[in-house]
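Same order as they appear, the protein sequences are chains A and B.
Position one of the first sequence corresponds to residue 466 (the numbering used here), numbered consecutively onward.
Position one of the second sequence corresponds to residue 17 (the numbering used here), numbered consecutively onward.
Please note: incorrect hints may appear among the correct ones.
Which chain B residues stay away from chain A? Per the calculated CB distances, all over 12 Å, these [said to hold, decoys possible]: (1) L21; (2) E73; (3) K122; (4) D138; (5) G140; (6) T178; (7) E207.
Under the rule of at most 27 Å between Cα atoms (straight-line distance), these lysine-lysine pairs were calculated in the DSSO-like manner [unchecked claim]: (8) A:K644 <-> A:K469; (9) A:K906 <-> B:K176; (10) A:K476 <-> B:K135; (11) A:K906 <-> B:K170; (12) A:K476 <-> A:K570; (13) A:K903 <-> B:K240.
Honestly, the hints are just simulated from the structure, not real lab data.
Predicted, not measured: the structure shown is a model, and the values here were computed from it.
Yeah, the Cβ is synthetic: ideal placement off N, Cα and C, and Gly gets one too.
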Amino acid sequence: MAMKISTEKFKERVDHGIHDQFMRSAVAGAQDGMGYKRKVVTTDELENWEDWRNHGEEIRQHVLEHLDFYLEQLSEHVAKRGGHVFFAQTKEEANEYIKSVVQRKNAKKVVKAKSMVTEEIGLNGMLEEEGCEVVETDLGEYILQLDEHDPPLHIVVPALHKNKEQIRDVFAKKLGYTKTSKPEELACQARVTLREKFLEADIGITGCNFAVAETGSFSLVTNEGNADLVTALPKTQITVMGMERIVPTFEEMEVLVSMLTRSAVGQKLTSYITVLTGPREELDVDGPEEFHLVIVDNGRSDILGSEFQSILQCIRCGACINVCPVYRHIGGHSYGSIYPGPIGAVLSPLLGGYDEYKELPYASTLCGACTEVCPVKIPLHNLLHQHRINIVEKEGKAPVSEKLLMRAFGLGAASPTLYKIGSKIAPAAMNPFTSGDKISKGPGPLKAWTDIREFPAPNKERFRDWFKNREKGDN
Amino acid sequence: MKVTLFATCIVDMFQSNVGKATVELLERLGCEVEFPESQVCCGQPAYNSGYVKESKEAMKKMIETFSDAEYVVSPSGSCAFMFHEYPHIFAGDPVWEPKAKQLAEKTYELTQFIVGVLKIEDVGARFEGTATYHTSCHMTRLLGVKEPPMILLKNVKGLKFTELPGKEQCCGFGGTFSVKNAQISEQMVDEKVGHVEETGAEYLIGADGACLMNIGGRMERLGKPVKVLHIAEVLNSH
Chain A
466 MAMKISTEKF KERVDHGIHD QFMRSAVAGA QDGMGYKRKV VTTDELENWE
516 DWRNHGEEIR QHVLEHLDFY LEQLSEHVAK RGGHVFFAQT KEEANEYIKS
566 VVQRKNAKKV VKAKSMVTEE IGLNGMLEEE GCEVVETDLG EYILQLDEHD
616 PPLHIVVPAL HKNKEQIRDV FAKKLGYTKT SKPEELACQA RVTLREKFLE
666 ADIGITGCNF AVAETGSFSL VTNEGNADLV TALPKTQITV MGMERIVPTF
716 EEMEVLVSML TRSAVGQKLT SYITVLTGPR EELDVDGPEE FHLVIVDNGR
766 SDILGSEFQS ILQCIRCGAC INVCPVYRHI GGHSYGSIYP GPIGAVLSPL
816 LGGYDEYKEL PYASTLCGAC TEVCPVKIPL HNLLHQHRIN IVEKEGKAPV
866 SEKLLMRAFG LGAASPTLYK IGSKIAPAAM NPFTSGDKIS KGPGPLKAWT
916 DIREFPAPNK ERFRDWFKNR EKGDN
Chain B
17 MKVTLFATCI VDMFQSNVGK ATVELLERLG CEVEFPESQV CCGQPAYNSG
67 YVKESKEAMK KMIETFSDAE YVVSPSGSCA FMFHEYPHIF AGDPVWEPKA
117 KQLAEKTYEL TQFIVGVLKI EDVGARFEGT ATYHTSCHMT RLLGVKEPPM
167 ILLKNVKGLK FTELPGKEQC CGFGGTFSVK NAQISEQMVD EKVGHVEETG
217 AEYLIGADGA CLMNIGGRME RLGKPVKVLH IAEVLNSH
């Protein structure tokens, strides 16, 4: 799977999303449940949560301002520990490098811990073409992989749209599972199957939540412990990270990991925080013999220094997705990208281009719920707005009818005379469409409004007329 | 105290009752209200759609219109917030940035002005009925006005108040979003209407005409009996 997850048009995807009642109720339930838990462990339990947010923002901004320094420091320390570092400018370069490792090792079996960046570069597709068996070991990802590579609905809870009965059916079909849909039994089946995969794997591939520049370490946050096994058992390990996912020291990592787990799933900590530094050393009992760190740019350098730089502060907690009222009704697949919700609507056009994703910045009411909840204070709704400005003013990709309408608006709204005439004649102009005090079948752009709602008929006496007459003593 | 009213185009053209109530309320609270005729739209519809160039001319007109005002008060959190955005929009412009800043500093949403500047928490209103309140996103999140409407409503005699479930969720208006992404907007407003119904309230009160037009318009289409009122109308009842 690559970043793009659908060939359908935006409207078609939205239509499917809206008509998927099961998915919608799962999303609403998850948003409400995770939202409640997040509130408990952030603003309720930590009186100074705002200070945390300020600190989180400060850490991320500092790293981005000195990214070249920290990337170099990280690379040096990984190399010093005997690891190999590869800096990939493009997704193709990243895949080529990983392919070369796979070929050299003559690897046939790969296990993976959950990673968004490997989805972004389409790594699994390449590995499968190379004849490798690739197994996702995060339970949610594993279910989706078995279910004919169904795309993730969410960056933290990828299989949010599957219930236990559906999972049982997938397991029955693909694994010969014969037991019930009890979550414990399903998890047990996954555990048995995956344990074999861990033991057989030639290569383990992980993403990276935060790399620690000072030591050349990297951390992974999971609730299942699968990242421990991916990094402990196979002889070769490859870690793939977006180039911005660095912290200077363990001190900052501790702050951000805590903010990540609280914001993502409303937990003070997840069950496992895996931290690893380079390949196995002489006295180590486990760990890889060979370690590769692939640092992926894939468009991030272009974002750096642009008006969108703050999006690189993201720690992938998905809190913005969990509060988004648009995501709530259309779900993750409607975004057409592995990155859905507000973060996806900002990031996908940057990484994948406006031709592919120009509708996403408009799939928002600019209500600001995302900005309010973001633990590292990314002004998400402002960035969505910035995309709109770019689409209109730099790219010229706005529809012609809209451009004409907005030009007319510009003229009318800026001229008190035109504005006054326009508002004065509005009742007469709207008269053919008006019945009583409402318009039920509006013309032009109003049609989309009145397809759903009544629109008020313009007042015969405008407020300004009333005020003027009143001053004259008529009222 | 002299107050210059920024009525907003929605109130001027579609909700003149709200404008009247705002004027009468402010006068009852001891203010002298003026309404400069040259006011136009604040530019938000075009600006939020990405048309900065087209909206800037309207903004300049508004800055000039209100340049002599002592206090600018608006019965809309969203439109008042737009004035607060002007300094960012004109950032770096040696002529307009300082003027925009001046305007932003003296602009208040109606309830924010009553509670924060006039220091009045009980406007002496009486309104019989059960009501719930819709918290508009721009007013609460962007302008940061959360408490004032609740403080004022709490002191309205006769008003029985029920909190709206899911009140932090957007109603699905979003300016041009409501027509550009009408299908999504419909789902959002339907959930909001459902929540309003759950409260069993007779009235839905709000402080932003646009949200009320959206929720009210949908409730009317669906034949729901809930009546929609702007907070100025409630506070002006006595």
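A quick look at each hint next to the structure:
Residue-level check failed: L21 of chain B sits 8 Å from the nearest beta carbon of chain A, not beyond 12 Å. Distance check for E73 of chain B against chain A: the nearest CB is about 3 Å away, which does not clear 12 Å, and the non-interface claim fails. Distance to chain A confirms K122 of chain B as a non-interface residue, since its nearest Cβ pair spans about 21 Å, more than 12 Å. Remark: the non-interface label on D138 of chain B is consistent with the geometry, its nearest Cβ contact in chain A lying 27 Å away (cut-off 12 Å).
With a closest Cβ-Cβ approach of about 22 Å to chain A, G140 of chain B is found to remain outside the 12 Å limit, as its non-interface label requires. Here T178 of chain B stays apart from chain A, with its beta-carbon at least about 19 Å from theirs, past the 12 Å limit. With a cut of 12 Å on Cβ distances, E207 of chain B falls inside the contact zone with chain A, its closest approach being about 8 Å. With a C-alpha separation of about 35 Å, the suggested pairing of K644 of chain A with K469 of chain A is violated against the 27 Å cut-off.
A distance of roughly 36 Å separates the Cα atoms of K906 of chain A and K176 of chain B; the hinted pair therefore is violated under the 27 Å criterion. Taking the CA atoms of K476 of chain A and K135 of chain B, the gap is near 49 Å; set against the 27 Å cutoff, the hint is violated. Taking the CA atoms of K906 of chain A and K170 of chain B, the gap is near 39 Å; set against the 27 Å cutoff, the hint is violated. Restraint check for K476 of chain A and K570 of chain A: the C-alpha separation of about 45 Å exceeds 27 Å, so the hint is violated.
Note on K903 of chain A and K240 of chain B: the hinted pairing holds, with a Cα-Cα distance of about 15 Å set against a maximum of 27 Å.
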